[in-house]
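Asks: Below are the chains, spelled out letter by letter.
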Amino acid sequence: MTDTMGVDDAREDLRRVVRQFLERRSTEADVRRLMADPAGYDREVWAVMADQLGLQGMAVPEAHGGAGFGYEELCVVFEEMGRALLPSPFFATIALAANVLLESGDEVACKRYLPAIAGGELIATLALGEEEGGWDETAVRMRAEPDGAGWTLTGRKRFVPTAHVADLLLVVAHTSDGLSLFAVEPQAPGCTVDVELTLDLTRPLSLVTFESTPAVLVGRSGQAWEGVRRALRFAAVALAAEQVGGAQRVLEMTVEYAKVRHQFGRPIGTFQAVKHKLADVLVALESARSAARDAARAVAEGDPEVELAASVAKAVCSDTFTRAAGAAIQLHGGIGFTWEHPAQLFYKRAKSGEFLLGTPAHHRDLVGRAIGV
Amino acid sequence: MTDTMGVDDAREDLRRVVRQFLERRSTEADVRRLMADPAGYDREVWAVMADQLGLQGMAVPEAHGGAGFGYEELCVVFEEMGRALLPSPFFATIALAANVLLESGDEVACKRYLPAIAGGELIATLALGEEEGGWDETAVRMRAEPDGAGWTLTGRKRFVPTAHVADLLLVVAHTSDGLSLFAVEPQAPGCTVDVELTLDLTRPLSLVTFESTPAVLVGRSGQAWEGVRRALRFAAVALAAEQVGGAQRVLEMTVEYAKVRHQFGRPIGTFQAVKHKLADVLVALESARSAARDAARAVAEGDPEVELAASVAKAVCSDTFTRAAGAAIQLHGGIGFTWEHPAQLFYKRAKSGEFLLGTPAHHRDLVGRAIGV
Amino acid sequence: MGAIAASDAGLVRERTEELLRDHPPARTPRRDFLAAQFDAGLAWVHFPIGLGGLGLAPQLQREVVLRLAEAGAPDGAETNRLGYAMGAPTVVAWGERAQQERYLRPLFVGDERWCQLFSEPGAGSDLAGLSTRAVRDGDDWIVDGQKVWSSMATISDIGMLIVRTDPELPKHRGLTYFLLDMHTPGVEVRPLRQMTGEAEFNEVYLTDVRIPDSARVGAVSAGWKVAMTTLMEERVLFNRQRDEKGPAEIALDLYRGRERGPELRTRMIDLWIRARVQRLNTVRAAANRTAGIPGPEGSIGKLVYAELNQDALEFCLDLLGDESLLYDSYEPHAYTEESLQRRGEADLRRRFLRSRAQTIEGGTSEIMRTILSDRVLGLPPEPRGDKHLPFSQIPRG
Amino acid sequence: MGAIAASDAGLVRERTEELLRDHPPARTPRRDFLAAQFDAGLAWVHFPIGLGGLGLAPQLQREVVLRLAEAGAPDGAETNRLGYAMGAPTVVAWGERAQQERYLRPLFVGDERWCQLFSEPGAGSDLAGLSTRAVRDGDDWIVDGQKVWSSMATISDIGMLIVRTDPELPKHRGLTYFLLDMHTPGVEVRPLRQMTGEAEFNEVYLTDVRIPDSARVGAVSAGWKVAMTTLMEERVLFNRQRDEKGPAEIALDLYRGRERGPELRTRMIDLWIRARVQRLNTVRAAANRTAGIPGPEGSIGKLVYAELNQDALEFCLDLLGDESLLYDSYEPHAYTEESLQRRGEADLRRRFLRSRAQTIEGGTSEIMRTILSDRVLGLPPEPRGDKHLPFSQIPRG
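Those protein sequence lines, which keep their order, are chains E, R, W and Y.
So the first sequence is residues 1 to 373, counted in the working numbering.
So the second sequence is residues 374 to 746, counted in the working numbering.
So the third sequence is residues 747 to 1143, counted in the working numbering.
So the fourth sequence is residues 1144 to 1540, counted in the working numbering.
A hint or two may mislead.
In silico EDC-like links for lysine to aspartate or glutamate, alpha-carbon gap of 16 Å or less [unchecked claim]:
hint: 1; chain 1: R; residue 1: K632; chain 2: W; residue 2: D872
hint: 2; chain 1: R; residue 1: K484; chain 2: R; residue 2: D415
hint: 3; chain 1: W; residue 1: K971; chain 2: W; residue 2: D872
hint: 4; chain 1: Y; residue 1: K1530; chain 2: Y; residue 2: D1269
hint: 5; chain 1: Y; residue 1: K1530; chain 2: Y; residue 2: E1311
hint: 6; chain 1: E; residue 1: K259; chain 2: Y; residue 2: D1517
Treat the hints as calculated values from the structure; they're not laboratory data.
Only chain E is shown next, with the shape it has when bound in the complex:
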């Protein structure tokens, strides 16, 4: 359980580098600019992340062109991206698509796509839920139809993260064997991607429509769910790390405001009502950090209880981020409710994050099943 000095130091170095980069290249003004931008991310930042910082390839195995770092290091990056509210297809590409590919067991697909992902040349995402959303196997109704040597897909996928800029869609659909995974290139015939208006404008979601769109089977027909489920849990761990970073930032922002905002002739941070509310956020945040880091460790170590740890982290970190951002609005008073103030950006990211990859209630239910309750 005890970290050795080396690893800790390396992680803190990594954190410092990423933070400095994002403090320059994902300022609040950048975030707001990208919220209104059709692409929703900064291509130049994406390129620097890949070429100079090597973030896209960081946790991709060396065999597939990555640097082969562990998941704990990757989660340090996600913490910092959450902190900076970075609008980017990084989450969908790395946390979702790369994990889905790796867990698919399909060496051909991995060889084909992962080096491009690691090099920042390929943006990818996962299309799972349909009309009613959802992030488990019951969310999938779509059927893939055999078409000669390949397959075609027809139907709609909703809530697909950053699909509007993706070069590769990994789509879950039924075959007669069961749930299966398919690779689709969005420019393929019959595929249209429509960005929806999202509560959280920093993370665009799309409606993807397929009409007899050709698709390539990834992994074995009917054998996809185990791998997709594990990848979803790993992605939830990355999201939990993002949420810890966001909660940390929004708490810091509120603490700073409470130090300088005067009412009744003194800083509002001298009032116990403010002090104790922020202390409660701190306690929640430290607990969320413990949960998120333990889950990252579990992924890295291949802990057999990794899915349990992931669900604990997703539930606890989602709730904590919403709580921290809610406290930020409350303690900033009216100004925190305005469009111009950053508190609302964190709040919307937090609220959306509750639903993304399954709600806290859903993950609590999974924990219950895991402990036999």
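Could you slot chains R, W and Y onto chain E? The hints should help.
Replies: Just chains R, W and Y now, with coordinates in the frame of chain E:
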């Protein structure tokens, strides 16, 4: 919905009289004395309540020797008894037994017992739950055996309020027709009453054992549950009123302490942590009061939604009392945790009251069923 | 305690029926009907005779409102809630007779809409710390400063304005209350966009604004008490359900139409119970309200309703599931006559975001708890360094 | 950050095996084993060599404790937790070498049990407001006053005592710390019955109690800092699960044996998650604890654990159902050697009542939140009227 001046005034007069009486005759010292007394109540106080104040007969119909006041007036009395933590068989006799008799539809039994109850000459109670407790029909397993013209009971009833001083036990048991109500006199053959050690020493509960004990059917065989259930709800309304009174008293006590207890050179009531916690108790208390009074009104008016109102009141008032008493212990600090301090008496009354007549969760479930959820 | 003579209730009923008979809502123009209602003393029955009232108990107004709504009559409060619920009681309590005659009728019949000019960027919870200044100039006052969180200021005619007239007095004592004609030169209203996307509130910049002394309510430097009346009424207003359906009912409708787990059932029941108890509280508070001005108990309803509404709308989002990831429209727009009418239909996600302000506006929940603690429970106040200093010497940040 | 050389861990492991080899627990008397453990530097591995330690990282102690427990060895902390966890670190941090040699070994081997004499009736949350006085008399001090909430004082030999030696200094500055021989004439211990029925704590009356100056820890009037060390360790101690099973595990066992509705399932899962996260917090805090003395972060664990324990035991009562209406025994009794051993088996209802004190003892949850806010978040402190006044001039109630 608006009270007319007359009724309001009368209720406030009644409250004043009862409060003054209990402030003299149910002091903390009295309560502690009776906690250690085998009878657990003061016979002289009981007699004054009946003879001079007419409390036992207050809500008994005039036809049965009572004064025929409404349930709202009776609940004023229960509020004051809760405030004074009065240890007394009044609750079991009036809130439980008298209501069960009235709702049984058995005129003979009413004529036989209610005048004595109204006159303070008869102490009675309801025996419902068995090994596992519970306050609904599933709690009853005991079967009554026909015995010539009458019946006999064999088995055990638990958690029977103030049975150790009762002259009459109303016992719920199965016949081949269904749930039925029986009258048993505790001195009857085969009946033994053992007081159990209770969490709340101000409200003794007994284990009552029957061995072929003769019992008289009250009402029609197999037809008892509807009436018993209604009576249980009416008793829950009385308990809710008690809880409002207890919560009010324990809040007042804490407010008084917060005014005089100094730490850090000032009264602790000047700290926001204390202020806001007590404000929350106040808000809960006012809400509980609204719920309890509405339920009393519903009983008095024969509102068809009376059971819903009763369950709302029981759930809200139980939670509120526990919360108020918990805050009292917390804000008194160590002294509030001692045996010598009255806060613990209120806390134990509150905690026990959660279980008595069904937990808040049980009553919430009943509310859910009533609103089709 | 809320004693009402049966004859008073009878009188009100009679007058209401008379009004409806003489001015059938279906055939009477809105303004004409409201004028007749005002003249019949049925605008606010507890106001004095001749000022839209009959000098009776305030609870009787409820009967009037219900009966008129049933008959399809226009509602004088509908598009001018701040004037109706906060402005009018303030003018009745503190205005001179001439002011009462000047302001109440136009307010009620819809000729003049009111807004509130209290909060400032530096004076939120600490309203008495406001720094907009008014300086006497003959029969007028010249006002300079900035107000904020003023809803409907873009479409209002009268502003309830509180300003500092003497910075050398302690903060609560150097304030004066005016009724500002919003069309006066120097009044600039700028919509303030909020997290929902819309601009419900406004910033109001006041530059060399000239106000006649006749628009002053209450004595010079005695404005704090006048403002308190407005604020107390505001808290009662915030406690009211503006929408036809309360949040718990909306949640219940939504709940019934969906698949749902046991956790959601527990929350649904809990919300339903809280909403019921909240309604019972409101009824009980109204029954206890005999005078025209509510006491600090109004803070209970304000506090409870804000948190209930937040929780209920959060629950609605949980029921909506992944639909909550989307939004209806972030198009920025200010309030207009039309958007006012549309408000009730706001998307649940928009209402959810909007609910975050409910624990802030009209006094934060923290301030409400302090008020309850000090004024209802009687706990000793926090030590205050700023209360007795001249305003000019108080630290600000 | 918690860097531990592999060689250190190896040394500790080696020494532990050596200890177990040379003193097989099954055949070694308790006191002899503990003496050998102390002499091997395995009592507190982070203490200096010769004082029960090896001068290594504190995290390594965990391995020792786990290995010894596994081997069935006696636990030096078991019946003297306050001495082990709070007294010893204080003596190591602030005592002179002679004091360290005098106190640590008897404490560990079980010859002297320790208790704490900090709180007073008038000094609870505001510990620095204590008024027990000590007056210098030659090489001795004469102490008069009353302490309270002293657990195990009836069966203790040494009391960690903080008293006021100069009432003309500000409150935190006139305090001095002593190690009181509890058998000194004038020390009277009276058990204090609590709401569970038992008397876990005591009042300690000090009348003309003579303490040699050699029992003073730290400088005269510098006792507050010494006391802070004791208190910080106390908060870490309160964060530890004293029972084999934590409250959430107990709840889970109980839950599995009963019929239960969906509401209880949601609560069970929530408690389980909170307990898991609490354990992860503790592990992370221990890994970050490189120095001997914990920082204010210890308050997080104390705060979380107290509330988790209360909620878990409340949940257990809900699972017990109507059995919660009953109680096991209100017989008053003070703590004895035997009752100390029995504690783990306490009835759940008794533990439930006992848990109410957890948000009070060792610093209330309110005080913990203020500490976190001021010392971890760095918010400005509340204005304090009492902090710089001479103690003798502070209002008391």
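Asks: Look at each hint and say if it fits the structure.
Replies: Verification of the hints:
no., hint, verdict
1, R/K632 - W/D872, "violated, 25 Å"
2, R/K484 - R/D415, "violated, 27 Å"
3, W/K971 - W/D872, "holds, 15 Å"
4, Y/K1530 - Y/D1269, "holds, 11 Å"
5, Y/K1530 - Y/E1311, "holds, 13 Å"
6, E/K259 - Y/D1517, "holds, 11 Å"
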